[in-house]
Amino acid sequence: MSFSNIDTMTEVSVEQREINDVSSTILQIKDLNVYVEDHHILKNINLEIPKNRVTVLLGPSGCGKTTLLKCMNKLTDLYRELEVSGSILIDGDDILNTSKNVPSIRQKMGLLSQRPYPLPVSIYKNVAYGIKLKGIRDKKLIQYSVQKNLEEVGLWDEVKDRLNSPATSLSIGQQQRLCLARGLAVKPRIILADEPTSALDPISSKTIEELFRRLKKHYTIILVTHVLRQAIRLADNVVFMSDGAIIEQGSPDELFNNPQTDKLKEYLVEGN
Amino acid sequence: MKRKNIEEGIFKILSAVASYSIIAILAFILLIVFVKGFGALNLDMITKTPKGGFYYGGEGGVLNAIVGSIYIGLGSTVIAIIIGAPAALYINVHLIRFKKAQNVVRYFLDALWGIPPIVYGAFGFTLMLYLGMNASLIAGIITVSLLILPIMVRSFDEVLCTIPKGLHEASLALGSTKTEMAYKVMFKQGFSGFITAVLLSFARGIGDAAAVMFTAGYTDLIPVTFDEPAATLPLAVFFQLSSPIPEVRERAYASAAILTIMILVISLVARFVSHRYSKSNIN
Chain G
0 MSFSNIDTMT EVSVEQREIN DVSSTILQIK DLNVYVEDHH ILKNINLEIP
50 KNRVTVLLGP SGCGKTTLLK CMNKLTDLYR ELEVSGSILI DGDDILNTSK
100 NVPSIRQKMG LLSQRPYPLP VSIYKNVAYG IKLKGIRDKK LIQYSVQKNL
150 EEVGLWDEVK DRLNSPATSL SIGQQQRLCL ARGLAVKPRI ILADEPTSAL
200 DPISSKTIEE LFRRLKKHYT IILVTHVLRQ AIRLADNVVF MSDGAIIEQG
250 SPDELFNNPQ TDKLKEYLVE GN
Chain W
0 MKRKNIEEGI FKILSAVASY SIIAILAFIL LIVFVKGFGA LNLDMITKTP
50 KGGFYYGGEG GVLNAIVGSI YIGLGSTVIA IIIGAPAALY INVHLIRFKK
100 AQNVVRYFLD ALWGIPPIVY GAFGFTLMLY LGMNASLIAG IITVSLLILP
150 IMVRSFDEVL CTIPKGLHEA SLALGSTKTE MAYKVMFKQG FSGFITAVLL
200 SFARGIGDAA AVMFTAGYTD LIPVTFDEPA ATLPLAVFFQ LSSPIPEVRE
250 RAYASAAILT IMILVISLVA RFVSHRYSKS NIN
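Chains G and W, in that order, give the protein sequences.
Take the first sequence: its position 174, counting from 1, is numbered 173 in numbering that gives the first Met the number 0, and each next residue is one higher.
Take the second sequence: its position 73, counting from 1, is numbered 72 in numbering that gives the first Met the number 0, and each next residue is one higher.
So here's chain G without its partners, still in its complex pose (with noise of 0.2 Å):
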């Protein structure tokens, strides 16, 4: 099998993608609700992601972004305490409800985390790790597709040499670099990213912005953010939630020029 077959073999081709997909939905949220014994976390929550956007979900701390998130690729499943209802659908894949393969639907959608948490193995075997689990099992193929993502990530050149050492040797910021090519070597559509910059320095998060904006030519982001900055960088289409309801969403200008509701323009004035 040549290398250039790894794209096809695995999912959709990144052209194909593009040529597929000028801002339709990607994915699509319906009556979601979330509780947490009493207390109603999101509210009936109905959201359409555009592909190829970043998408940035907006609001203070404990509104429910990173609740919503973790529910799109039904990571809920870990939490003992959270009753979902609704539908998010992907490709016409019910993830909430589907009998199909719940981690196949999974690897639709790469997940990026407050804080890096690189696989207890080598820096290789990291990336290798979703590759493998999608059955392929070409020790050539893997090595490209390894070498394709940490350089996607800008990472190819610092771990080259060391890439049999723990992934935990790396920096905060290599490892959430690498925690990103993990994820994008498995070819996703979709990458969730839960404050992926919370965690590392000035420097770091601009190599992760910096990523973002290149990346969106070819994937679909969504973005938790609580950094009002950070939003006006990088999104392209914005949902602003509060109290586990979504508050108002549009383009950027819109939302932060034109705010409507009283929550928002209270948001944008303490987050100046």
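No false leads were slipped in.
27 Å max Cα-Cα, derived DSS-like pairs, lysine-lysine:
| hint | chain 1 | residue 1 | chain 2 | residue 2 |
| --- | --- | --- | --- | --- |
| 1 | W | Lys-164 | G | Lys-99 |
| 2 | G | Lys-131 | G | Lys-147 |
| 3 | G | Lys-138 | W | Lys-187 |
| 4 | G | Lys-73 | W | Lys-164 |
| 5 | G | Lys-73 | W | Lys-99 |
| 6 | W | Lys-177 | W | Lys-99 |
| 7 | W | Lys-164 | G | Lys-133 |
| 8 | G | Lys-99 | W | Lys-177 |
| 9 | W | Lys-177 | G | Lys-133 |
| 10 | W | Lys-187 | G | Lys-73 |
| 11 | G | Lys-131 | G | Lys-99 |
| 12 | W | Lys-177 | G | Lys-138 |
| 13 | W | Lys-164 | G | Lys-42 |
| 14 | G | Lys-131 | W | Lys-164 |
| 15 | W | Lys-187 | G | Lys-131 |
| 16 | W | Lys-187 | G | Lys-133 |
| 17 | G | Lys-29 | G | Lys-73 |
| 18 | G | Lys-73 | W | Lys-177 |
| 19 | W | Lys-98 | G | Lys-73 |
| 20 | W | Lys-177 | G | Lys-131 |
| 21 | G | Lys-139 | W | Lys-187 |
| 22 | G | Lys-147 | G | Lys-133 |
| 23 | W | Lys-98 | G | Lys-42 |
Worth flagging that the hints you see were computed from the coordinates, not collected in a lab.
Model, not experiment: these values are computed from the prediction.
Chain W: place on chain G using the hints.
Below, chain W without anything else, positioned relative to chain G:
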């Protein structure tokens, strides 16, 4: 300010006394067994089997008991790992959304941990009779595995509880099933803790007398098959100490010294391996 300094000083002294007391107790135990057993501590003790019987014989060594203890420790540890590792992973992976079920399982494990070894010995004896078995190596292994199983599962469980949820999420988000997450990520992440738990359970297994008294039996010979009786070091200490002959009682202390050294070595190995794997757990 002065009062705070006095409080601080008293607390520091009490903490230091408590810490050094523990070391002193260990040193005292070692001193007693080594001083009392010094006359009998020689190479024969670890290279030869007893001559003239373990109760009256003052010659030979306790190689039969050393080998028997290692056999029982190893066998029971293997069985406990085979059952214990999946059980601990099940509690932490598949029962993660079922807090009550988790609590019930943990409660039973804690209760089993608290049951005295003699009760396990009595249970193993009953089971042995029911199955038509004699006191044997395999009966000892099964009984000791029951004894160390809750210790191992709860130790594994505690290790798994320390693994951050972010790592679970990262693994699942990459497309792992829960089983893949358990074995490829959680197991590796907790590996150094697992090694420590296994070695400490092994040490517990070779050090117990009550569980093997009725089940493994005792013999001057080294067992060659699973259905032969097996001697163990704790029972060697027990039987030799109750002998009327002073030389044999001295050998009891020498046996105790050997057992203590074995436990200390296992503890040191556990610390070393744990430290080493926690630093270089990469492949």
